[in-house]
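Visitor: One line per chain: the protein sequences are R and U, in this order. Using our numbering, you'd call the opening residue of the first sequence number 1 and step up by one each time. Using our numbering, you'd call the opening residue of the second sequence number 1 and step up by one each time.
Hint data in this document are derived by calculation from the structure and do not stem from the laboratory. Incorrect hints may appear among the rest.
Below, simulated DSSO-like cross-link-like pairs (lysine-lysine); rule was C-alpha separation at most 30 Å, straight line [said to hold, decoys possible]:
(1) 222(U) - 17(R)
(2) 49(R) - 222(U)
(3) 337(U) - 432(U)
Listed next, with one range per pair, are the computed distances between beta-carbon atoms [said to hold, decoys possible]:
(4) 13(R) - 193(U): 48 to 56 Å
(5) 51(R) - 438(U): 54 to 62 Å
(6) 240(R) - 130(U): 32 to 40 Å
(7) 300(U) - 184(R): 27 to 35 Å
(8) 299(U) - 227(R): 45 to 53 Å
(9) 182(U) - 184(R): 49 to 57 Å
(10) 107(R) - 223(U): 35 to 43 Å
(11) 107(R) - 121(U): 48 to 56 Å
(12) 129(U) - 31(R): 18 to 26 Å
Using N, Cα and C, we set each Cβ at its ideal position, and we do this for glycine too.
One letter stands for each residue in the lines below.
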Amino acid sequence: MRIVVCIKQVPDTQKVKVDPETGVLIRNGIDTKMNPYDLYALETALRIKEKTGAELHVISMGPDAAKAVLVEAMALGADDAWLMSDRRFAGADVLATSFTLAQGIKTIGDVDLILCGKQTTDGDTAQVGPAIGEVLNIPHVSWVRKLIEADEKGLTVEQEMMDSVAHVRLNYPCLLTVEKGIFEPGLPSYLKMKEARKKEIHVLNMDKCDCRDAKRYGLSGSPTQVEKIFEPTYDLSSVRLDKTTEENAQALFEKFVELKVIEGGK
Amino acid sequence: MRPFKKIDVQDIEVLRTFVPADRFFVDNIHPDYSHDEMMIYGKKEPEVVIQIKSAQEASNIMKYASEHNIPVTPRGAGTGLCGGCVPLEGGIVLNTSLMNRILEIDADTMSITLEPGVLLMEVQEAVKNAGFLYAPDPGEKSATVGGNVMTNAGGMRAVKYGVTRDYVRGLEVVTPTGEILELGGKVAKNSSGYSLLHLMVGSEGTLGIVTKIIMKILPSPKKMTSLLIPFDSLSSALKTVPEIMKLPEVATTIEFMEKEVLDDAQEFLGKEFPNRNYPAYLIVSYSGNTQSHIESMLDMATETAMKCGALDVFLSDTAERQESIWNARGAFLEAIKNSTVEMDECDVVLNIDQVAEFVDYTRECSNQYNVRVRSFGHAGDGNLHVYICKDELDDETWKKTVEEVMDKFYIKAKELNGQVSGEHGIGHAKKKYLEDSLGETQMTLMRNIKRVFDPQGILNPGKIVD
Ligand SMILES: Cc1cc2nc3c(=O)[nH]c(=O)nc-3n(C[C@H](O)[C@H](O)[C@H](O)COP(=O)(O)OP(=O)(O)OC[C@H]3O[C@@H](n4cnc5c(N)ncnc54)[C@H](O)[C@@H]3O)c2cc1C
Ligand SMILES: Cc1cc2nc3c(=O)[nH]c(=O)nc-3n(C[C@H](O)[C@H](O)[C@H](O)COP(=O)(O)OP(=O)(O)OC[C@H]3O[C@@H](n4cnc5c(N)ncnc54)[C@H](O)[C@@H]3O)c2cc1C
Chain R
1 MRIVVCIKQV
11 PDTQKVKVDP
21 ETGVLIRNGI
31 DTKMNPYDLY
41 ALETALRIKE
51 KTGAELHVIS
61 MGPDAAKAVL
71 VEAMALGADD
81 AWLMSDRRFA
91 GADVLATSFT
101 LAQGIKTIGD
111 VDLILCGKQT
121 TDGDTAQVGP
131 AIGEVLNIPH
141 VSWVRKLIEA
151 DEKGLTVEQE
161 MMDSVAHVRL
171 NYPCLLTVEK
181 GIFEPGLPSY
191 LKMKEARKKE
201 IHVLNMDKCD
211 CRDAKRYGLS
221 GSPTQVEKIF
231 EPTYDLSSVR
241 LDKTTEENAQ
251 ALFEKFVELK
261 VIEGGK
Chain U
1 MRPFKKIDVQ
11 DIEVLRTFVP
21 ADRFFVDNIH
31 PDYSHDEMMI
41 YGKKEPEVVI
51 QIKSAQEASN
61 IMKYASEHNI
71 PVTPRGAGTG
81 LCGGCVPLEG
91 GIVLNTSLMN
101 RILEIDADTM
111 SITLEPGVLL
121 MEVQEAVKNA
131 GFLYAPDPGE
141 KSATVGGNVM
151 TNAGGMRAVK
161 YGVTRDYVRG
171 LEVVTPTGEI
181 LELGGKVAKN
191 SSGYSLLHLM
201 VGSEGTLGIV
211 TKIIMKILPS
221 PKKMTSLLIP
231 FDSLSSALKT
241 VPEIMKLPEV
251 ATTIEFMEKE
261 VLDDAQEFLG
271 KEFPNRNYPA
281 YLIVSYSGNT
291 QSHIESMLDM
301 ATETAMKCGA
311 LDVFLSDTAE
321 RQESIWNARG
331 AFLEAIKNST
341 VEMDECDVVL
351 NIDQVAEFVD
361 YTRECSNQYN
371 VRVRSFGHAG
381 DGNLHVYICK
391 DELDDETWKK
401 TVEEVMDKFY
411 IKAKELNGQV
421 SGEHGIGHAK
431 KKYLEDSLGE
441 TQMTLMRNIK
451 RVFDPQGILN
461 PGKIVD
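Bound conformation, chain R alone (with noise of 0.2 Å):
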C-alpha cells in the first residue's frame, strides 16, 4: 500500500501581512513553517503506516526552499519525498495547483490513499484537496474529523458537517483533507532529521510530468485573477435586536439590504 501526503509550506506568523503598495505577501524575514493542518494530515497517514505497513511519501510544490517542510516530513517518518518545482510553476491558482499536484502524484504511481490538510494558513481557500481528487477522477472526502477504521481495501471516516456529522466508507484507490485535532502530531525526530538532510529529495518538472501541456501550468494554467490582496479589517460592531420577534426579523432584514448582503424587495 502506497500513501501520500501533500504538505505546504506557509510562513510562521499568525497574521499575514501585505505589503499595502504592491499588493504581494510579505515573505521577506518571515520565517517558514509547515501547513499546521499538513501536520495531522501527516500524523494521520503514520498511524495508518503503523496499522498497514504503508509506504509514505510526502509531496509539496513550491519553491527550493520548500524541501525544508520535506525534510521534517522525513524526521517525523515519511519514507520518501518530493518537491515540484519549475519555474513554468510559477502563478498558479487552485486550479493549476491542484492540476499539478495530481501530475506528481501520478509520476509517483500506484497510490491508494492521498491525504491533505483541510486548508492552509495562508492561502486558506480548503480547496486544493478535492480539486486532487477530481483531476484524478477518485473519490475524496473533506473535513475528516476521526479515522474509524483503516484497512487493506479501504476506509471508514467520520466527517464534520457543520450541522451534522456523517460516517463515510470509502475504497482505494480514494482522497481525505483532515481537520485539525484528528490525532496529535508527533514530534520530529532529531536524528532522522538529520538523515533527511543527506537524503535526496525527488524534484519533479513539468518534464517529468504525464501531462507536458505548458498551458496547463502555472500562471497560464490559471483563469483565476486575483485582483487585490488586502490584510483583511476587522471592524466589528454589533447591533442589539431586542423587541418582538417580528420586529427584529424586520429590523434583521432592514440591516442586512442597507449593508448589501441581501437583496431588498425582490
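With the hints as your guide, set chain U with the ligands onto chain R.
Guide: Below, chain U with the ligands without anything else, positioned relative to chain R:
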C-alpha cells in the same frame, strides 16, 4: 505565646477599624481559608480573615496582635503543598492577595518592583511584554509572587536560572511586632552585614509579612527549543543527567518523567501526548539567541544522550509543540491527584548523581508495601516529587503505610546527604523530617532566630520550628 488569645468581640471591634468592611471577614469566612492544596495535612479555620492593601495596615494589625497575643498567619493564593498558610492556632489569616499591583519595571537597573499578591502568571506576562524575562518558573502559575518568595519556589528553569531566591534584591517587610523594614533594594549585590533579606526569603511567613518585593529581571533569550528524549528505563534516563550537565552549554531545563505519569496526564487533560510508547523520558531545553547557537547545543545534547542509551531524540521547536509537551508536564501534579482519592508528597532534593538510586528505592518501597508510588521532577536540580497514592487502601492501612513509607524515603534521603525539601517548603507537614535531618544544633539556631524576630511566636505558629 501559647496559649494564644481567642479573638473576642472587643478585638473584632478594634481590628475592624484597620481596613474597610469589605476586606474584613468573621462569620462568612470562605472554607478555602482552612487549608492549602494538601488537605491530607489537616484543616483549621481562622477566626478572622483580613485582606490587607498596605504595609501600614499590616503593621497596625501586627501591633494589635502582639499586644494581645493573637496568632497571625500570612496567606497568598493558598497553593502551597505543606500546610504553610493554614492557621493551626486559629486567630487571624492575613491575606496579601489584593496587594496585586506591579509598581515598576525598571530597565535601567533590570528590576521589577511589585506587591506580594501579584500572581506568577501576571508577573511573567508583564515582564515578557516589557521585552525581558522573569526567570523563576514554578509550575503553579496562579501562586502569588509573595508566596513564591516566602517558600523560595523553584520550578522548571532552575537548572540555568536558579530559584526565586536568586532574583530577590529587596523586600519591604512588616515584623511580628509591627515595624516596617526595608531590606536590600535595587542594588545588584550586597555584603553589608548579615543578610536579613535572605533570611526572610524561604521563611514561609514565620519571620515577617512581605508587603513589597524588588526582583531582578533578565534579558529575554530569543528562542527556546526542547528535546524530548526517550529511554528504556527511568534509571538510564536519570543516569544521563550528570553527563548533560557537564556539557559546555547549560541547559535551561532538565525534567524527568515516566510513562505512567504521562498516561495520568493524558487522561486528566483528555489530550494525547505527542509521543507514545516509551517507558521514560527526559525533557531538556536550551535557550539562546540564534538558531545556529541553539542547534550546536542540541547537537551536543543529542550526541551525549545517544551515548548514554537514549532510544531516539525528538525535537520540540514550535510554539504548538512546546505547548503540547509543557501542558502535559504542567499537569502532572493535578493528574496524579486526580488519579486517586488521597495522596502524600515527598519533595526531597539530592545530589544530581543520586536521583536514580533514590527513585529505584521508592520503587522497592512501593513493591514492599504494596502501595502505588509515582514520581516526576526536576532532574537537573536533583529535586524530585514522589507521591504515594491511597487508591483502594482502607483508611487504617493507608495511614500506617504512608507514614512508614514516608519515613523510609526521608531516612534514605538523609543517607544520601539530601535535604527534606527542594522547593515546596516545610510548613507544618514536614517539621518532623526537618528535625531528623538537620539535628539539634541547627534546629536550636533556627528556633533562636525565630525568637529574635518574633519573641511571642505569634506569626504563623507551628511552622518550620516550634
Ligand atoms: C503570494 C500568493 C499569490 C497568489 N496568487 C494567486 C493568483 O494569482 N491566482 C490564484 O488563483 N491564486 C493565487 N494564490 C493562491 C494560491 O493559488 C493558493 O495558495 C494555492 O492554490 C493553494 O491553495 P490554498 O493555499 O488555499 O490551499 P488549500 O486548498 O487551503 O490547502 C488544502 C491542502 O492542500 C494541500 N496543498 C495546498 N497547496 C499545496 C502545495 N503547494 N503543495 C502541496 N500541497 C498543497 C495541503 O495538503 C493543504 O493542507 C496566491 C497565493 C499566494 C500566497
Ligand atoms: C499544581 C501545583 C504545582 C506547583 N509547582 C511548584 C513548582 O514547580 N515549584 C515550587 O516551588 N512550588 C510549586 N508549587 C507549590 C506552590 O505553588 C508554591 O509553594 C507557591 O510559592 C505558594 O504560593 P502561594 O501564593 O499559593 O502561597 P500560600 O500557599 O498562600 O503560602 C505559602 C507560604 O508563604 C507564606 N506567605 C504567603 N504570602 C506571604 C506574604 N506576603 N508574606 C509572608 N508570608 C507569606 C504563607 O504563610 C505560607 O507559609 C505547586 C503547587 C501546585 C498546586
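Visitor: Hint by hint, say whether it matches the structure.
Guide: Evaluation of the provided hints:
1. 222(U) - 17(R): holds, 21 Å
2. 49(R) - 222(U): violated, 37 Å
3. 337(U) - 432(U): holds, 24 Å
4. 13(R) - 193(U): 48 to 56 Å: holds, 53 Å
5. 51(R) - 438(U): 54 to 62 Å: holds, 58 Å
6. 240(R) - 130(U): 32 to 40 Å: At 38 Å between Cβs, range holds.
7. 300(U) - 184(R): 27 to 35 Å: holds, 29 Å
8. 299(U) - 227(R): 45 to 53 Å: holds, 48 Å
9. 182(U) - 184(R): 49 to 57 Å: Distance hint for residue 182(U), residue 184(R) holds at roughly 51 Å.
10. 107(R) - 223(U): 35 to 43 Å: Distance hint for residue 107(R), residue 223(U) holds at roughly 38 Å.
11. 107(R) - 121(U): 48 to 56 Å: For residue 107(R) and residue 121(U) the Cβ distance comes to about 52 Å; the hint holds.
12. 129(U) - 31(R): 18 to 26 Å: holds, 22 Å
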